[in-house]
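S.K.: Given next are the chains, with one letter for each unit.
Number of protein chains: 2
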Amino acid sequence: MKSNIDYSLYLCTDRGLMSCKTIEESVEQSIAGGATVVQLREKDCCTREFYELAKRVQQITKPRHVPLIINDRIDIALAVAAEGIHIGQSDIPATVARKIVGPDMIIGVSASNYSEAAKAVQDGADYLGVGAMFATGTKTDAIITPLDDLKRIKQDFDIPVVVIGGINERTIPQFAGMGIEGYAVVSAIVAQPDIKKAAEKLRGLIQSL
Amino acid sequence: MKSNIDYSLYLCTDRGLMSCKTIEESVEQSIAGGATVVQLREKDCCTREFYELAKRVQQITKPRHVPLIINDRIDIALAVAAEGIHIGQSDIPATVARKIVGPDMIIGVSASNYSEAAKAVQDGADYLGVGAMFATGTKTDAIITPLDDLKRIKQDFDIPVVVIGGINERTIPQFAGMGIEGYAVVSAIVAQPDIKKAAEKLRGLIQSL
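As they're listed, the protein sequences go chains A and B.
First residue of the first sequence? That's 1 in our numbering, and the numbers climb one at a time after it.
First residue of the second sequence? That's 210 in our numbering, and the numbers climb one at a time after it.
Since the hints were made in silico from the structure, they are not lab data.
It cannot be assumed that every hint is accurate.
Computed footprint of chain A on chain B, listed as stretches where at least three residues anywhere in the stretch have a Cβ under 8 Å from a Cβ of chain A [unchecked claim]:
1. 257-268
2. 281-288
3. 295-306
All values reported here derive from a predicted model rather than from experimental measurement.
Glycine included, each C-beta is placed from N, C-alpha and C at the ideal position.
Given the sequences, and given the hints that come with them, work out the whole structure.
M.R.: Following this line, the structure appears as structure tokens:
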């Protein structure tokens, strides 16, 4: 089942950017517009709050068959039996994560360059989050991934690649012909006045590449 | 094995109070002075840092047969195979935690009153952290547990009780004759100039009750 995931429009939540809507509303509208994966990322709330939120979001994703991926917090992912976790370079190492979550949970790993990607593949990642591809307001300290590294990653590894960081209507066409499996989007969806429409537009654009 | 834990001098770490020493040094000296359990509590560091710290602390606790208990973060506890987790009212519920960690890991639950304690016992907690017993500088927003609740908890439930919150040389004698299994201490050990000596003194005091 893990190998059939459609990563194409990969929504990352960001509480700070969702001024008018709840996370649940944003997720629901994003999926209605075509988001294929939802990653829940919460850095500043307590564990119980994150757990309760994950359960509520799961009530939206599950019936729509959209995989829910929890950022960093393996405990939350296990507690709600999420489809996956996403771990960065400052989280629990992927090899340790795999021992905890077992073989069936999706493990995504962030890589900002070729060598991090190579390590992640070796550690058994199921997909790579590669970026930041562009400077972004969401993560101001992000390291920019050289486009050449992305090309070499695609060339050398047989693993789905989701690009992240400054991904939007304007930047997506630059990846045409590269065989990128997914586009991770934060503000280009959730910070838009009409979330469903924004997601639809991006989904259409991605499918046209 | 879980039932044979000596909770009597239960050290909680607090990075903010350990100005001169590392957490590892504080733990080592506390155990040398008689601490019987170590709880690692980190609220403000990233997951990888917490994981690496837990591994380093475990290298001190493990050979000394002192159980290491991780506060809140079940992912960290699983990642390092700690002896236990301690969960508060704002963490993952104890029944969910039990499903994740299995039957063998110690689960401690914080209770600030009788009804929280009753719930924790029902949820399968292995011990209770009851308090805050006194106003404390470590946790300024702590709810004070009525002494009568503590007495009723001891009377009604057959589960080890660790009192926490303002526990020090001056307050410990007030629990004499109540059958309290453990005394959780933060600043009364780790904020003292001679940690080993402070632990020795408290251990002696507890044993004399």
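S.K.: Now tell me, hint by hint, if it's right for this structure.
M.R.: Status of the hints after comparison with the structure:
Residues of the region 257-268 of chain B with a Cβ under 8 Å from some Cβ of chain A number 3, which satisfies the need for three, so the listed coverage holds. Under a criterion of three residues with beta carbons nearer than 8 Å to beta carbons of chain A, the stated coverage of the region 281-288 of chain B is upheld, 7 such residues being counted. Proximity of the region 295-306 of chain B to chain A, defined as three or more residues with a beta carbon under 8 Å from a beta carbon of that chain, is established by the 7 residues found.
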